[in-house]
Amino acid sequence: MPKIPLDQMKFILATDVGSTTTKARFFKKTENGWRYVISGEAPTTVEKPYEDVTLGVRNAVREVEELTGHKLLAPGGKGILMPSRSNEGVDLYVTTSSAGGGLQMMVAGLIRSMTAESAERAALGAGAIVMDVIAIDDGREIYQKIERIRHLRPDMVLLAGGTDGGNLKDVVEMAEILKAAQPKPRFGISYKLPIVYAGNRDARNHIKELLGEVFALTIVDNLRPTLEEENTEPARRSIHELFMEHVMAHAPGYDKLMKWTDVPIMPTPAGEGMMMQLIAKVFNCNVLGVGLGGATTNIYSIYDGKFVRSVSANLGMSYSICNVMKEAGIENIMRWLPFEKSEDDIRNRLRNKMIRPTTIPQTLEELMIEHAVAREAIRLGFEHHKTLARPLRGARRKGTLWEGAEISDVFALEEVYGTYIKMINVKIIAGTGGLLSHAPRRVQSMLVLTDGFRPEGVTRMFQDSVFMMPHLGVLSTVHSQAAWEIFDKDCLVRLGTIIAPKGTGKPGEKVLDFKIEMPDGATIKDSINFGEMKRIELPEKVEADAFLDPTSHFDLGEGPGKVVEAKVYGGVVGIVIDARGRPLNLPEDDKERRKKLLEWFEALNAYPKEFLDKIREEWL
Amino acid sequence: MKASQSSYAYTPGLKIKRFMIVRKERKLPIPGKVLVKEGDAVSFDTVVARTFVPGDPYILKVARELGIEPEDLKFYLLKNKGDRVEEGEVIARYRTLFGLINRECRSPTTGVIEDVSTTTGRMIVRGDPKPVEVKAYISGKVTEVIPEEGVIVETRGAFVQGIFGVGGETNGEIKVLVDSSSDILEADMIDEDCKGKILIGGSLITKEALLKAIEFGARGIVVGGIKDTDLMDVVGYEIGVAITGHEEIGLTLIITEGFGKMAMSRKAFNIFKEFEGYKAAMNGATQIRAGVIRPEVVIPHTKEIAESELVELEEGIRPGTLVRIIREPYFGKIGRVINLPIELQVIETESEVRVAEVELEDGRRVIVSRANIEIIEE
Numbered sequence: 001m002p003k004i005p006l007d008q009m010k011f012i013l014a015t016d017v018g019s020t021t022t023k024a025r026f027f028k029k030t031e032n033g034w035r036y037v038i039s040g041e042a043p044t045t046v047e048k049p050y051e052d053v054t055l056g057v058r059n060a061v062r063e064v065e066e067l068t069g070h071k072l073l074a075p076g077g078k079g080i081l082m083p084s085r086s087n088e089g090v091d092l093y094v095t096t097s098s099a100g101g102g103l104q105m106m107v108a109g110l111i112r113s114m115t116a117e118s119a120e121r122a123a124l125g126a127g128a129i130v131m132d133v134i135a136i137d138d139g140r141e142i143y144q145k146i147e148r149i150r151h152l153r154p155d156m157v158l159l160a161g162g163t164d165g166g167n168l169k170d171v172v173e174m175a176e177i178l179k180a181a182q183p184k185p186r187f188g189i190s191y192k193l194p195i196v197y198a199g200n201r202d203a204r205n206h207i208k209e210l211l212g213e214v215f216a217l218t219i220v221d222n223l224r225p226t227l228e229e230e231n232t233e234p235a236r237r238s239i240h241e242l243f244m245e246h247v248m249a250h251a252p253g254y255d256k257l258m259k260w261t262d263v264p265i266m267p268t269p270a271g272e273g274m275m276m277q278l279i280a281k282v283f284n285c286n287v288l289g290v291g292l293g294g295a296t297t298n299i300y301s302i303y304d305g306k307f308v309r310s311v312s313a314n315l316g317m318s319y320s321i322c323n324v325m326k327e328a329g330i331e332n333i334m335r336w337l338p339f340e341k342s343e344d345d346i347r348n349r350l351r352n353k354m355i356r357p358t359t360i361p362q363t364l365e366e367l368m369i370e371h372a373v374a375r376e377a378i379r380l381g382f383e384h385h386k387t388l389a390r391p392l393r394g395a396r397r398k399g400t401l402w403e404g405a406e407i408s409d410v411f412a413l414e415e416v417y418g419t420y421i422k423m424i425n426v427k428i429i430a431g432t433g434g435l436l437s438h439a440p441r442r443v444q445s446m447l448v449l450t451d452g453f454r455p456e457g458v459t460r461m462f463q464d465s466v467f468m469m470p471h472l473g474v475l476s477t478v479h480s481q482a483a484w485e486i487f488d489k490d491c492l493v494r495l496g497t498i499i500a501p502k503g504t505g506k507p508g509e510k511v512l513d514f515k516i517e518m519p520d521g522a523t524i525k526d527s528i529n530f531g532e533m534k535r536i537e538l539p540e541k542v543e544a545d546a547f548l549d550p551t552s553h554f555d556l557g558e559g560p561g562k563v564v565e566a567k568v569y570g571g572v573v574g575i576v577i578d579a580r581g582r583p584l585n586l587p588e589d590d591k592e593r594r595k596k597l598l599e600w601f602e603a604l605n606a607y608p609k610e611f612l613d614k615i616r617e618e619w620l
Numbered sequence: 001m002k003a004s005q006s007s008y009a010y011t012p013g014l015k016i017k018r019f020m021i022v023r024k025e026r027k028l029p030i031p032g033k034v035l036v037k038e039g040d041a042v043s044f045d046t047v048v049a050r051t052f053v054p055g056d057p058y059i060l061k062v063a064r065e066l067g068i069e070p071e072d073l074k075f076y077l078l079k080n081k082g083d084r085v086e087e088g089e090v091i092a093r094y095r096t097l098f099g100l101i102n103r104e105c106r107s108p109t110t111g112v113i114e115d116v117s118t119t120t121g122r123m124i125v126r127g128d129p130k131p132v133e134v135k136a137y138i139s140g141k142v143t144e145v146i147p148e149e150g151v152i153v154e155t156r157g158a159f160v161q162g163i164f165g166v167g168g169e170t171n172g173e174i175k176v177l178v179d180s181s182s183d184i185l186e187a188d189m190i191d192e193d194c195k196g197k198i199l200i201g202g203s204l205i206t207k208e209a210l211l212k213a214i215e216f217g218a219r220g221i222v223v224g225g226i227k228d229t230d231l232m233d234v235v236g237y238e239i240g241v242a243i244t245g246h247e248e249i250g251l252t253l254i255i256t257e258g259f260g261k262m263a264m265s266r267k268a269f270n271i272f273k274e275f276e277g278y279k280a281a282m283n284g285a286t287q288i289r290a291g292v293i294r295p296e297v298v299i300p301h302t303k304e305i306a307e308s309e310l311v312e313l314e315e316g317i318r319p320g321t322l323v324r325i326i327r328e329p330y331f332g333k334i335g336r337v338i339n340l341p342i343e344l345q346v347i348e349t350e351s352e353v354r355v356a357e358v359e360l361e362d363g364r365r366v367i368v369s370r371a372n373i374e375i376i377e378e
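So the sequences go chain by chain: A and B.
Note that our numbering gives residue 180 to position 180 of the first sequence, counting from 1, and the numbers run on in steps of one.
Note that our numbering gives residue 226 to position 226 of the second sequence, counting from 1, and the numbers run on in steps of one.
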């Protein structure tokens, strides 16, 4: 815990030890509250030849020292100077980490869609990358399961299964499979692999007998005590403790780093997730978020108070860019391009980005290609997320189709078991990650987020200014006021509001009449037709009143054709009215599709006009 | 802006050395026995360390096979936990009605009974441990023994890193199939003489040539580039994440420059030419993340070396440094850095970035992002 009382703190240092870069962020208390001062970055030193993560931390912090003249490093490599005195030291040091691939877990449960899914949610919620989910009904024979487990080298295993007092035999069988496979930990060849057991409490003795000697076994409350109840908190807490005790303690240099920090090291995505939850809490609404990284895409939802995080470990913008191409299909990437290129050309370009991931787009063509990939990475990540953000399977629910529905009634099951996220009820979408932060025009990130998530109704859009959500996430665990002040003033960029009616129509058919009353008394009255987009300037921190009157096929949340009166919030982009329809379908004809893309880019002023004109001349 | 950032940029290039001391750590995945001593001379295929990993486990549903309740299993066991069993040996038997009903359960492998469960009615039989060996990979001398783990082997020789590869460790004699680093390696250049060799191409290998090299038993191929779709066709699937080395296509392939047609760096090509006929080790394993692993070729040799080859190149871009541009526009072009402006500059995308002014081989002067150039060693 912090040694200095919160109200006496003057300087705070936070770092994130990423897979490739260690990022330091320096914060200061000013007359106007806590503010972000400056960043320092350096390559992460978790691998050979350094194998000591604190070297990278020191290099990143040294950059902050050099840029500010504020001395931070204790002499002799002894950590961070504390407490602060005029122009040296800090009063709090915190860090997150995803170095060496973060926390990698294997998850096992009984039924794939019930206890195994609950276990997966618990692991993901704790900030882990789930390498595989083993379940009795996962379609693999026992020998295939064993083979798979033997090949994985997880940092930790979470075993769930059975409700309390329920099925005993199957969960013991699953433990037998684990025992037979004897997975080995990723770091260190001589220590025991941690296993968290969070299944049927009646099986605990059997589990102890089977796994107690071979593994470092921890037993916690059942994460699915009944079919109607999911209790992931004890498992999540235990995963965090074991992450520190076992995984971090064996990763190079972390034993030192753990002594430097005032609070436990947190997995990077867990920090990111905390900030997404904070947004939902402060704005009191449903929130969707994305952390679009080079290697992974994390999606967060806080919907009706329920927090779910999913991580698509191999969807990313540099290291994993070719996996987006593989998963999405090259044609789905190319559909976002307003110019013509051969498939081979795009493939080779993406491959070359993969093998030289630190390069940046220098031409607008290349920038558009990366933005196309980003849309697909978010779309796929969100698809994955929706398979986890759904009601508990197996639970009986009153008032749903489940009662009285036959188990074979596929339609009934779809209705009951599909995701509970309804886009029309999502009021905020927030994004973080290099591609979004580095987009030359903020409207480009707004468009990427829109095309990836496809918001419906009236939705505010936010993004991280410079990557610091994880830092503020771990900071919020000890100093929520400082975290919020910095987040609000220096981290959270308000992009604006998107208004997207749900429904489809014919090109040119009227979708919406709208009236926007600006705070200065001016009124904008206009309408929009199907297949069009419009952008209206409305500065950051300014609100306007919108009267939205959709035609009979279109819905903005109150039902088809019903008027919606809403507050719309400004931002660096302003208000975007998206009448392309939901579901969003691009024209099938290539020429028509390219023409529409150019129209939208132009309407939003998303890319330089001269460039769009050049494409139009060349390709239309 | 820091002074050091204004005139100096760190952009690691690939290592291409006619001479260097190559050290390779050769370690077992779990503790075992080291079979060589410090000072021993080793060859490419010398086994330097060996261990045994636990054998394959078999889970047998014994109670179900015998048609009994799990808790009754103990009454019908012929072998108990810890007992050794042979493949086909009866380990549990249920006999009733004076032998009219006779059900047996046999061990599927030779090994040890690891576990018997009266909860599930299952038994785990663990097969005999399997040996895992680590080879020297390169020829040279053992300079250090890491007890129970492995050794460090050292050699003097040429060392060429590629940008991407598939397939694991192998070795063979170097055979250059093209006249220049910009030539395409075509199928008609491959014949029976390629068997067991490491083939060197120029700017591209065609799919047909790659398939023919596999058919004729070549051990490896090093070439400037390959078309993504050709690689996908030969590997049999689309490579999603850049972690490779485990593919089994019949040989190891290293591309030195990138995807598409790209002339191999002249320095690398000249090294292969010079050491044609020498035996070399190569590994296609690539991992692009923190702790980047690039594919490599090691050619041990005892040839004369020039004094200048012993000097380590400073890893920094300065005016005068020879660089390759590694992103569009000008992708693949080679040039010399003229100027490294201190101020950020706006590039076509409208991003403000640090740039370099580069004079291309054709005399044109261009501005490129510093993130998009890499050093070429001269």
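Hints in this document: simulated from the structure, not taken from any laboratory.
Glycine included, C-beta positions come from ideal geometry on N, C-alpha and C.
There may be inaccurate statements among the hints.
[Unchecked claim] Stretch-level coverage of chain A by chain B, calculated; a stretch enters the list once three of its residues show a Cβ under 8 Å from a Cβ in chain B: (1) 510-524; (2) 590-604.
[What the hints assert, rightly or not] Okay, derived cross-link-like pairs now, DSBU-like style, lysine-lysine, Cα gap no bigger than 35 Å in a straight line: (3) A:184 / B:79; (4) A:306 / A:427; (5) B:61 / A:184; (6) B:261 / A:192; (7) B:195 / A:591; (8) B:207 / A:169; (9) B:333 / A:184; (10) B:27 / A:208; (11) B:207 / A:184; (12) B:79 / A:326; (13) A:78 / B:74; (14) B:261 / A:595; (15) B:207 / A:341; (16) B:135 / A:179; (17) A:192 / B:207; (18) B:333 / A:192; (19) A:192 / B:227; (20) B:37 / A:614; (21) A:256 / B:27; (22) A:341 / B:79; (23) B:24 / A:259; (24) B:141 / A:179; (25) A:184 / B:141; (26) A:184 / B:195; (27) B:33 / A:179; (28) A:326 / B:37; (29) B:333 / A:341; (30) B:130 / A:208; (31) B:130 / A:179; (32) B:141 / A:326; (33) B:261 / A:326; (34) A:192 / B:79.
[Said to hold, decoys possible] Here are some chain A residues the structure puts well away from chain B; computed CB gaps all over 10 Å: (35) 87; (36) 113; (37) 143; (38) 354.
Violating hint indices (sorted, rising): Those not satisfied are hints 1, 2, 6, 7, 8, 9, 11, 12, 13, 17, 18, 19, 20, 22, 24, 26, 28, 32, 37, 38.
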